[in-house]
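S.K.: Sequences are here, hints too, so could you generate the full structure?
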Amino acid sequence: MNVLITGGAGFVGTFTKKELEKQGHQPILVDNFYTGSRDNVEEGDVLIEGDILDTEVQKVLEAKKIDAIIHLSAQIIVPASFADPIFDMKQNIEGTIKICELAAKLNVKKVVFASSAAVYGDNIRVPLRETEPYMPMSPYGISKASAEMYIETLCRTNGIGYAILRYANIYGPKQTKEGEGGVIKIFLDKLSKDEQVTIDGDGNQTRDFIYITDVAKANVAALHAADGIYNISSNEEVTINKLFDVIVTEMGKKMSPNYGMPRKGDIYRSCLDHHKFVEKTGWKPEVSLEEGIRTTIQALNENR
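First residue of the sequence shown? That's 39 in the working numbering, and the numbers climb one at a time after it.
Derived from the structure by calculation, the hints contain no laboratory data. Misleading hints may appear alongside valid ones.
Just the calculated beta-carbon pair ranges, DEER-fashion [stated by the list, open to error]:
| hint | residue 1 | residue 2 | range |
| --- | --- | --- | --- |
| 1 | F120 | P171 | 19 to 27 Å |
| 2 | D160 | S294 | 23 to 31 Å |
| 3 | E324 | I135 | 32 to 40 Å |
| 4 | K302 | T277 | 19 to 27 Å |
| 5 | K228 | G320 | 36 to 44 Å |
| 6 | E87 | E59 | 17 to 25 Å |
Virtual Cβ for every residue (Gly too), placed ideally from N, Cα, C.
M.R.: In structure tokens, the structure reads:
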């Protein structure tokens with residue numbers, strides 16, 4: 039299949055491209071390099087540079103034979119969504135509508151949409167199942183929830199298959215400090231320089247961390263999944279304090295964190311039940327937190 043990846047030069051897009059190629063598909067990348075990196079673009083990649091909101095980019099894409107779309111491009115920074123909710127809305131809602139319109143025009147068979155655990159909000163019924171109600175706590179979470187509803191409605195109306203993937207906290211090599219899994223990159227950068235780490239809040243807030251290659255495999259598996267909403271996660275609830283301990287252990291450091299004020303819009307507990315996607319596709323996460331942190335540290339050291 040020819041698979042369009044929006045945000046194809048980003049963190050998740052790069053690993054998804056490699057997984058698609060491994061499974062015999064042809065990725066077509068589109069990226070405006072707002073958060074994507076040119077370093078992630080390799081010789082031979084099919085790249086369309088520009089914003090999916092741009093009419094000219096739309097015209098270029100219309101000329102391509104596209105069988106499926108993996109829509110990853112988004113505004114992913116929670117604090118930025120409070121600072122500029124209009125920009126967040128345009129990127130995450132308007133951008134998604136544009137992709138749905140493009141999919142209909144090109145008779146695309148499947149749209150895979152990158153959503154987020156942020157749509158659940160601060161719901162203590164962890165691990166959360168896909169049937170939990172929307173309770174977003176930030177403009178970012180609201181925009182992702184709205185985009186989900188547009189995907190469901192417009193894809194159904196136009197007879198297009200869809201899979202909405204609610205990601206837990208993604209981490210791994212090539213990760214930036216932004217996004218919901220950015221805490222790992224922040225910790226690694228500071229500890230590698232022997233700088234003091236500050237944890238927002240008391241450190242007992244929890245997250246569900248999933249390694250990037252597991253997410254890339256889920257994205258490709260979703261191309262063949264039944265229409266629906268799926269959690270993509272490790273299904274393990276980990277405190278930020280434990281995360282810090284794992285990182286310092288793997289780095290061979292003996293350091294303790296400081297503690298600061300909680301971040302605005304942050305969820306206290308988060309863990310997603312992934313059994314629906316496992317049962318429907320046979321996918322399952324393969325990389326443990328310790329192994330993933332170890333591999334990420336090795337990549338960081340190699341790139342210095």
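S.K.: Can you list which hints this structure breaks, lowest number first?
M.R.: none
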